Amino acid sequence: MPEDFIGIEAFYKSLDEGILLGVRCRNGHVMIPTKPTCIRCNSRELKPIKLTGKGKLLTFTEIFTPAREYEKYAPYFLGLIELDEGCRLMGRIVAPRDSILRGINLKVGSEPSQKEGWPTWPKIVFTP
Amino acid sequence: MKTGRTKPLACIISAGSSKYGKRDGLYARELFAEAAYEAFDRCPNLDPQKDIDSVYVGQAYESLEHQANISPGFAASIGLQKKPTVRVESVSSSSATALRHAIFGILGGMYDTIMIGGAEKMTHRSVGEAIEIISMAADFPFEQWQGATLPGLCALIAREHMRLYGTTEEQMAKVAVKNHRNAVDNPKAQFRKEITIEEVMSSRIVADPLKLYDCSAITDGASCVIICKPEIARRYTDNFVEIIGTGEGSDAEIIMERESLTSFFSTKKASEGAYSTAKVEPKDLDFAEVHDAFTINEIIAYEDLGFCKKGEGGAMVDQGAFERDGKLPVNTSGGLKGKGHPVGASGAAQVYEAYLQLTDQAGKRQIQSPQIGLTHAMGGAGVNVVSHIFRRH
Ligand SMILES: [Zn+2]
Chain A
690 MPEDFIGIEA
700 FYKSLDEGIL
710 LGVRCRNGHV
720 MIPTKPTCIR
730 CNSRELKPIK
740 LTGKGKLLTF
750 TEIFTPAREY
760 EKYAPYFLGL
770 IELDEGCRLM
780 GRIVAPRDSI
790 LRGINLKVGS
800 EPSQKEGWPT
810 WPKIVFTP
Chain B
9 MKTGRTKPLA
19 CIISAGSSKY
29 GKRDGLYARE
39 LFAEAAYEAF
49 DRCPNLDPQK
59 DIDSVYVGQA
69 YESLEHQANI
79 SPGFAASIGL
89 QKKPTVRVES
99 VSSSSATALR
109 HAIFGILGGM
119 YDTIMIGGAE
129 KMTHRSVGEA
139 IEIISMAADF
149 PFEQWQGATL
159 PGLCALIARE
169 HMRLYGTTEE
179 QMAKVAVKNH
189 RNAVDNPKAQ
199 FRKEITIEEV
209 MSSRIVADPL
219 KLYDCSAITD
229 GASCVIICKP
239 EIARRYTDNF
249 VEIIGTGEGS
259 DAEIIMERES
269 LTSFFSTKKA
279 SEGAYSTAKV
289 EPKDLDFAEV
299 HDAFTINEII
309 AYEDLGFCKK
319 GEGGAMVDQG
329 AFERDGKLPV
339 NTSGGLKGKG
349 HPVGASGAAQ
359 VYEAYLQLTD
369 QAGKRQIQSP
379 QIGLTHAMGG
389 AGVNVVSHIF
399 RRH
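Residue numbers (our numbering), protein chains in the order written: chain A, 690 to 817; chain B, 9 to 401.
No wet-lab data here; the hints were simulated from the structure. Here the structure is a predicted model, which is why all the values come from computation and not from measurement. Just so you know, even glycine gets a beta-carbon here, dropped at the ideal spot from N, CA and C. Heads up, a few of these hints could be off.
Rough simulated footprint, nothing fancy, chain A against chain B, three-plus residues with beta-carbon under 8 Å [as the list claims (entries may be wrong)]:
#1 44–53
#2 213–222
#3 263–275
#4 372–379
Could you put the whole structure together from the sequences, leaning on the hints where they help?
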């Protein structure tokens with residue numbers, strides 16, 4: 690992997706520092722660095738870009754039966770947003786219940802999780 | 009005969025299934041043996057030790073029984089120790105994927121007769137543990153870690169389908185009602201009790217808009233089939249079933265990277281493969297067993313498999329098109345909903361139902377002389393799909 694490789698670990702480290710990091714391929718496709726290859730054109734030349742962290746809610750659900758890691762939040766809203774740059778992200782929505790509707794503007798933030806063990810990735814939080 | 013043009017890829021000479029449900033004190037290998045013994049007993053001319061060349065096993069979650077490399081134990085449990093075995097894993101489509109690769113083993117000329125099965129032991133875990141383990145089917149860093157569960161992903165999809173096509177929660181409920189009604193006549197099913205639309209609608213919310221009765225249950229169970237190359241099927245039985253089509257498709261493993269949330273490319277690709285190898289069209293089918301881990305999945309399957317136009321799945325449910333006496337019976341076994349969903353076994357369970365229907369052994373749920381049937385098994389929320397088409401011999 691190249692020295693400036695942006696992968697899962699770098700994405701979450703940046704998010705912990707308040708920066709939403711994406712990658713742009715040689716053909717201009719912007720994506721969350723979920724994998725080391727562009728999901729649209731298979732390019733391996735991915736350069737980091739700072740995303741605005743602003744997006745619109747595409748679809749959501751309220752989860753009443755969570756995995757153990759999320760028991761403390763339940764019930765909670767899970768959303769899929771489309772960022773201004775066109776790529777998508779999934780996370781927990783923290784907003785007044787009645788305000789959660791398709792199309793609302795949300796911004797990406799994070800909550801730190803444990804500092805020991807694996808993973809130490811923060812949790813993505815969407816707020817108005 | 010509706011179609012007689014294609015040569016079979018392989019033939020099913022026998023099949024078996026354990027009783028599905030909460031099977032306290034029985035583990036996956038033991039349930040697998042229950043299924044295998046039925047298959048052996050149905051086919052007395054088969055000498056398993058002599059005739060079966062290999063055992064392909066579908067099993068999804070090794071965390072459930074804290075057991076990796078599970079297939080040799082399965083084979084040894086049915087007297088086939090020392091036979092080549094392999095575990096195939098693609099969550100809910102595991103044993104359907106195993107069947108597809110077993111067919112390749114036969115077509116490649118390496119094997120003559122193969123046992124394919126699947127098993128999952130689940131109910132010894134608490135509900136919280138089970139939800140967590142089942143949700144391992146979702147992407148860990150970008151879905152599970154962000155709070156997604158498998159029902160949660162299907163709920164995101166359901167909400168979009170409702171918005172785009174007007175699909176209703178009542179229509180989803182009717183899928184559950186239909187599949188539970190079918191399960192009443194399946195002695196192997198976990199739930200042999202009819203439910204009402206009102207009961208589904210008032211059941212507790214799991215992931216809005218999906219309620220408890222929109223979701224398949226946690227189940228212990230195993231199913232299997234035995235296939236062979238077409239030339240030797242008659243050596244074992246006259247009552248065999250021909251496998252004439254197979255297809256497989258995959259899509260982005262993270263749903264946020266999909267082009268469409270409400271149509272599964274994986275299903276379309278898998279069914280294209282199955283229809284084209286079989287030289288069969290949707291209108292030629294007499295029944296289908298489709299993936300209904302969540303009721304919305306069955307509605308989307310109608311559309312992606314070409315049983316109706318995109319967006320019309322919900323309306324077709326209202327018309328009763330997929331009831332046992334409808335235009336195209338779907339999930340006569342009770343489906344994953346009514347029969348139960350021991351994840352790694354479900355692909356083989358669909359094939360078990362196709363085998364019973366096409367050999368007129370389906371008992372009270374038998375449909376009238378079906379000629380051709382399709383199975384559709386899905387791993388994850390539309391991630392990997394395997395489809396097969398079967399013909400009465
Ligand atoms: Zn690209």
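The hints, checked one at a time:
{"no.": "1", "hint": "44–53", "result": "violated (count 0)"}
{"no.": "2", "hint": "213–222", "result": "holds (count 6)"}
{"no.": "3", "hint": "263–275", "result": "holds (count 4)"}
{"no.": "4", "hint": "372–379", "result": "violated (count 0)"}
Of the numbered hints stated above, those contradicted by the structure are hints 1, 4, listed in ascending order.
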